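Participant: Single-letter residue listing:
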Amino acid sequence: MDSVRAVATVLVKELLDALRDRRTLVTVLLSSVLLGPLVLVAVSSLVAALEVTAERREVYVAGADRSPTLINFFERQTYTVKAAPPDYEAALRSARLADPVVVVPADVEAALMRGEGPVIEVVSDSSNQRSQSSARRIERLLEGFSRERSTISLALRGVSNELLAPIHIETRDLANPQSRATQFTGMLPFFVMMAVLYGALNAALDTTAGERERGSLEPLLMNPAERWALVVGKWGAVSGISMLIAVLSSLSFMPAQWLLRSDTLAALFRYGPREASLFLVVLLPFAAALSAVLMAAAIRCRTFKEAQASAAVVVLVVSLLPLVTVLNPGAEAPWQLWIPALAQNALMTRVLKGEAMDPAAVLIPLGVCTALTIVGVWYVARTLRSAALR
Amino acid sequence: MIAIEGLAKAFFGARLAKPVSSWRRAERVRVQAVSNIGFHAADGAITGLLGPNGAGKTTTLRVLAGLIEPDAGRLSVDGIDVVQAPRAALARMGVLSDARGLYPRLSARENIVYYGRLQGLGRDAAQARAEALAEMLDMRPLLERRTEGFSQGERMKTALARALVHDPANIVLDEPTNGLDVLATRALRDSLRWLRTPEGGAKCIVFSTHIMQEVERLCDRVVVVSQGHTVAAGSVAELLAQTGQNDFEEAFVRLAFGDAAASAHPPRSALRTAVAAGAIDG
Chain S
1 MDSVRAVATV LVKELLDALR DRRTLVTVLL SSVLLGPLVL VAVSSLVAAL
51 EVTAERREVY VAGADRSPTL INFFERQTYT VKAAPPDYEA ALRSARLADP
101 VVVVPADVEA ALMRGEGPVI EVVSDSSNQR SQSSARRIER LLEGFSRERS
151 TISLALRGVS NELLAPIHIE TRDLANPQSR ATQFTGMLPF FVMMAVLYGA
201 LNAALDTTAG ERERGSLEPL LMNPAERWAL VVGKWGAVSG ISMLIAVLSS
251 LSFMPAQWLL RSDTLAALFR YGPREASLFL VVLLPFAAAL SAVLMAAAIR
301 CRTFKEAQAS AAVVVLVVSL LPLVTVLNPG AEAPWQLWIP ALAQNALMTR
351 VLKGEAMDPA AVLIPLGVCT ALTIVGVWYV ARTLRSAALR
Chain H
1001 MIAIEGLAKA FFGARLAKPV SSWRRAERVR VQAVSNIGFH AADGAITGLL
1051 GPNGAGKTTT LRVLAGLIEP DAGRLSVDGI DVVQAPRAAL ARMGVLSDAR
1101 GLYPRLSARE NIVYYGRLQG LGRDAAQARA EALAEMLDMR PLLERRTEGF
1151 SQGERMKTAL ARALVHDPAN IVLDEPTNGL DVLATRALRD SLRWLRTPEG
1201 GAKCIVFSTH IMQEVERLCD RVVVVSQGHT VAAGSVAELL AQTGQNDFEE
1251 AFVRLAFGDA AASAHPPRSA LRTAVAAGAI DG
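Protein chains in written order, with this note's numbering: chain S, 1 to 390; chain H, 1001 to 1282.
FYI, nobody ran anything at the bench for these hints, they're computed from the structure.
Note that the structure is a prediction, hence the values are computed from the model and not measured.
Beta carbons: idealized from backbone N, C-alpha and C, even for Gly.
Careful: at least some of the hints might be erroneous.
[To be verified] Residues from chain H shown here face chain S by an in silico Cβ test under 10 angstroms; the list is partial:
hint, residue
1, Leu1090
2, Pro1104
3, Tyr1114
4, Leu1118
5, Gly1120
6, Ala1134
7, Leu1137
8, Arg1140
9, Gln1152
10, Asn1170
11, Ala1241
[Said to hold, decoys possible] Partner residues are not named here, just some residues of chain S that face chain H (Cβ under 8 angstroms, in silico):
hint, residue
12, Ala6
13, Leu15
14, Asp17
15, Val81
16, Ser126
17, Arg214
18, Pro219
19, Gly272
20, Pro273
[As the list claims (entries may be wrong)] Derived DEER-like restraints, expressed as beta-carbon distance ranges:
hint, chain 1, residue 1, chain 2, residue 2, range
21, H, Gly1006, S, Ser319, 54 to 64 angstroms
22, S, Ser386, H, Arg1123, 54 to 64 angstroms
23, S, Ala312, H, Glu1005, 21 to 31 angstroms
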């Protein structure tokens, strides 16, 4: 009973202490909680810009007057033909021009008549993302022109249209709208995890290394409270703050989706109360484990600054582990659920894809996080007394 | 009442500067911080633990506060064994240690009440004690201020109030006047004298210091420690009589460093040991 009261006393004090640190708190809130939604909105405006280019049905042509046949084809496809600027190469390189340019050679009409197969260039810059995405569209347009020419000339010689297309290709896309959207929203879990991490970071360091640096740890241990009770209280406060940040950043995507600029993405990105609560199921144990790990990393350090160096290792691991999925794309392997950070990333991606969550997927990371928490708290409690003296 | 008998404690301190061979880590130096310290401190009296730097004062008080386990010796507080029941012993002690860190974002009152709650006081009782201690230590205007930016004296008062919040029968202070100016030192002395009186609770007060004047003015009983041993104990007058001196400083030097120091220069060996122990016992 006494220990329970000691835990509560330490927890309340550490929470009060952390909440008084307004500047840090505001920085964490602004940088981590707002970052995810801002990225989402930025991605959506990029997608919206791509959609606008796709819908515009414009084609930039250099030397349009040299081939009335081609221009006639473009216009029949309801494209607007625009003259390319004379310095189109430089414009493409510097991304001033967002569309690829069709370059028509000098005597193309005569070459077409003679069936010499003249070369028509589509000029784009592959480092210029926007021109690259519409280059494919223009190529398809030109392929259409090529097909039309061949069909006409063969039809004149009495060849059936059927023979020219011995097979028909139809594509069927199995991805549901939500999983298609994860192409764009795939990095959101990463931002949420970083928010949770930075939420815990400052409080974890302050209650361990900060306490040593101030010289307040030794007097604290001269109270008749159990050491584990002190540590559990501190851990409770740190993970409480981290969980608060987790809740805020999970909820922040709900209003963020109203700001989505792209209609397609807005239709694809479904993030409602169900997704938010699944995010929390994944994130809350993670916040608890991260707090314990950060405290364990910091307790050996004499100063806050030294502790920041140790904590940087934890930050690095948490931010690099999700990259495993980027370096190793494809199906998510079962072992990934056993690795903290990687598991959370995988599970949140599943939520965004709208996939079902089986019990193992929830229970394994929960078990791993619980084990990490216990080990971390145990280590801090064990180290506390020797830490106070040095 | 605090009783310590035959206390001994050794540490493995800093590593040697040069390793034995180039690829092995240098060995740690074993430092015998305390060899044989023992004294009794009675209730209603102020007992001074006087010794040069590195004599083992801080180590002794840390063992008493349950922060370090002793290699040998018995320590008891009001009859409670410190090694066997450290928390019960701590509940009967108020310790102002060498480290006096406060929480800068909390007010002085919140700092004091926090410790009161950890000592097992109820919320109202802890608040009432904070008020009473503020009155006694003359720090009422400080109570609602955040402790960041407090002066040394203000910090000391807050730390002392924090240590005394549970109204302990035994008070242990490690070099309490370090860094205090004359007025703050005087105020502290007055508080300690009052705590010794029956109205103040007839506390058993132990404080360590290396300042002779402090001891002369305040202590009912002095325990002189040197190189980890108790070398003498008694009232100031008794110690003067024992060494046949009129000057307490001279008496202390003889007791702490031996008769060879009559020339007013302590022997080199004593100095060297004191410095070596000082590396860990600051």
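Participant: Among the hints numbered above, which are violated by the structure, and what are their numbers in rising order?
Facilitator: Hints 6, 7, 8, 9, 10, 11, 13, 15, 16, 19, 20, 22, 23 contradicted; others consistent.
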